[in-house]
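There are 2 protein chains.
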Amino acid sequence: MDPTGELRFIEEMIGKKLNGDLLVGVGDDCAVIAWGANRFMLVSTDILIENVHFLREYGGFRAAGEKAVAVNVSDIAAMGGRPLFLFVSGSVPDEDSLRELAHGLRSGAERYGCIIAGGDTSRSDTGVVNITVIGETRGYFPVLRSGAEVGDLIGVTGELGKSHAGLRAIQSGVTDEGIIRSYTLPVARVDMGVKLAEVGVKSMIDISDGLGSEIRHICYAGGVGAAMYRDRIPISQEAKRVADMLNEDPLLYALSGGEDYELLFTFPPDIEDKITSIGDITVIGEIVDKDKGITMDGESVPQGFTHM
Amino acid sequence: MDPTGELRFIEEMIGKKLNGDLLVGVGDDCAVIAWGANRFMLVSTDILIENVHFLREYGGFRAAGEKAVAVNVSDIAAMGGRPLFLFVSGSVPDEDSLRELAHGLRSGAERYGCIIAGGDTSRSDTGVVNITVIGETRGYFPVLRSGAEVGDLIGVTGELGKSHAGLRAIQSGVTDEGIIRSYTLPVARVDMGVKLAEVGVKSMIDISDGLGSEIRHICYAGGVGAAMYRDRIPISQEAKRVADMLNEDPLLYALSGGEDYELLFTFPPDIEDKITSIGDITVIGEIVDKDKGITMDGESVPQGFTHM
Chain A
1 MDPTGELRFI EEMIGKKLNG DLLVGVGDDC AVIAWGANRF MLVSTDILIE NVHFLREYGG
61 FRAAGEKAVA VNVSDIAAMG GRPLFLFVSG SVPDEDSLRE LAHGLRSGAE RYGCIIAGGD
121 TSRSDTGVVN ITVIGETRGY FPVLRSGAEV GDLIGVTGEL GKSHAGLRAI QSGVTDEGII
181 RSYTLPVARV DMGVKLAEVG VKSMIDISDG LGSEIRHICY AGGVGAAMYR DRIPISQEAK
241 RVADMLNEDP LLYALSGGED YELLFTFPPD IEDKITSIGD ITVIGEIVDK DKGITMDGES
301 VPQGFTHM
Chain B
1 MDPTGELRFI EEMIGKKLNG DLLVGVGDDC AVIAWGANRF MLVSTDILIE NVHFLREYGG
61 FRAAGEKAVA VNVSDIAAMG GRPLFLFVSG SVPDEDSLRE LAHGLRSGAE RYGCIIAGGD
121 TSRSDTGVVN ITVIGETRGY FPVLRSGAEV GDLIGVTGEL GKSHAGLRAI QSGVTDEGII
181 RSYTLPVARV DMGVKLAEVG VKSMIDISDG LGSEIRHICY AGGVGAAMYR DRIPISQEAK
241 RVADMLNEDP LLYALSGGED YELLFTFPPD IEDKITSIGD ITVIGEIVDK DKGITMDGES
301 VPQGFTHM
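Those protein sequence lines, which keep their order, are chains A and B.
Our numbering puts the first sequence at residues 1 to 308.
Our numbering puts the second sequence at residues 1 to 308.
Just so you know, the hints here were simulated from the structure itself, not pulled from any lab data.
Note that beta-carbon positions come from the ideal geometry of N, C-alpha and C, so glycine has one too.
Warning: the hint list may mix true and false statements.
What the hints assert, rightly or not - Covered stretches of chain A (chain B as the covering partner; in silico rule of three or more C-beta atoms under 8 Å from a C-beta of chain B): (1) 24-30; (2) 154-163.
What the hints assert, rightly or not - Here are some chain A residues pointing at chain B (derived, C-beta under 7 Å): (3) D46; (4) T132; (5) Y229.
Stated by the list, open to error - To list a few chain B residues with every Cβ distance to chain A over 12 Å, as calculated: (6) G60; (7) R111; (8) S172; (9) G173; (10) R181; (11) D244; (12) P268; (13) T276; (14) S277.
Let the hints inform the model, and build the full structure from the sequences given.
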């Protein structure tokens, strides 16, 4: 579904209702619920469908379980939070698949220090894994998508395009396990998200649908535009290598390929030193007036990856 | 999956870990999280798969959405709680289905007074709806499955077998809309659950997989047995009518048919008057020593409905 379609669906459902306990509802990476004195609960849900979000022949249901955890935890990271509890639904074709899935979920939970606190199982020919993750921030309000202001700088963590490189490798019969792993087993940037929140980023989102799509969410939520620069985008070596083999443009992997799960964020220029000293961060542009649109080297940026 | 298989899966995943915030984890209708002074958060997740839990030709994705809400809210009701927030994942074949689903979810949310606080959408040929519901109890600890004691009485709300009657009607071409509705649009007994908790029931569960299966969960969790009486089981008129037409035993609809979403609970005999004065309640037997097993008129009770 294209982002607009998903937004329409969500707006149709709810109209952004809130109440005393629900401080942020639909429309950000997580909902925010008041939990205690300067403590905030984050809740997010993500569904992974076989052949859309994972492939049985690459890592099986074990990898699917681990990936499902990472994808969900990434939404918590995107608000500067730490994950606590996972609620998992799995629908798989048989008991062996269920066992594999359970192992993958457990590995994922251990990696991110979460507890699996609830679950439901069913059977279907096509595998489905849904996770709802509950996390928290303590001492600060979660970082929303909506805080970007004109003059802020735009940063990303890590390297982009690596997950799409993995997918293209699979699709093209390139058997490089390291590259394929970027697609089958992405990593959520929890520690990075917490550090960025503590240093004072103003808006943040995880890159699940490509930089081109996520920068749109940041700009839409903040009522601003963005100017980015092609030669600053940290394109991964994997993306360059696969794109080179397939005679494709690696920049498009970063812009329109999904599922890198790096973090995209904005911050005022006066904290640039603090931000870059965290390490593994690249400043790729700045927030501009809404009228200037969303550009790369002055040209309009393509929309990004869509699952539907 | 048979209940034993699901338990094994869940145990394999976790080993019932808890921490300071997570007071009850996997194994009950909901997880329980500390929320405030004498306030408890309940969290549960349930997945509905097309052709396993709902049929597109009966009410379409709209009915599927409403049913998904009821099924999830029922887990909150089973602990004496009230539902607050829904996190919904929907995977459907096209945009029209998504719109239908959204309407059903909204109707369900309105019926139970919840807010849809988060969501995710995807596309798949076979429809999938997953909901995670967050609810609460205020002023009392949630009612667990595990509190049954020898000498307690066993009660149920409403009438049983109606949902399975609806399913059998569909399968057999009986076109009685009222009966079919019991299957396509079950109702969660939230007010009833709260009243029962306030009066002081000792254990409670919702009847999602048939009385025969749920009484097993209560007995397993409490380390007790149960003696029930055939002529006391409140079998619904719908079940009697459909079973009569198809020359089947309506008692089996109640024992082994799933998805009635009534409440099964136990309580000490000295509060029987308070319990029955709530209305729409039948006392169907008593809790006995574990060694006496789970019986009906002295005979062993069949296992109940399984989805897998």
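What hints, given by number in increasing order, does this structure fail? 2, 5
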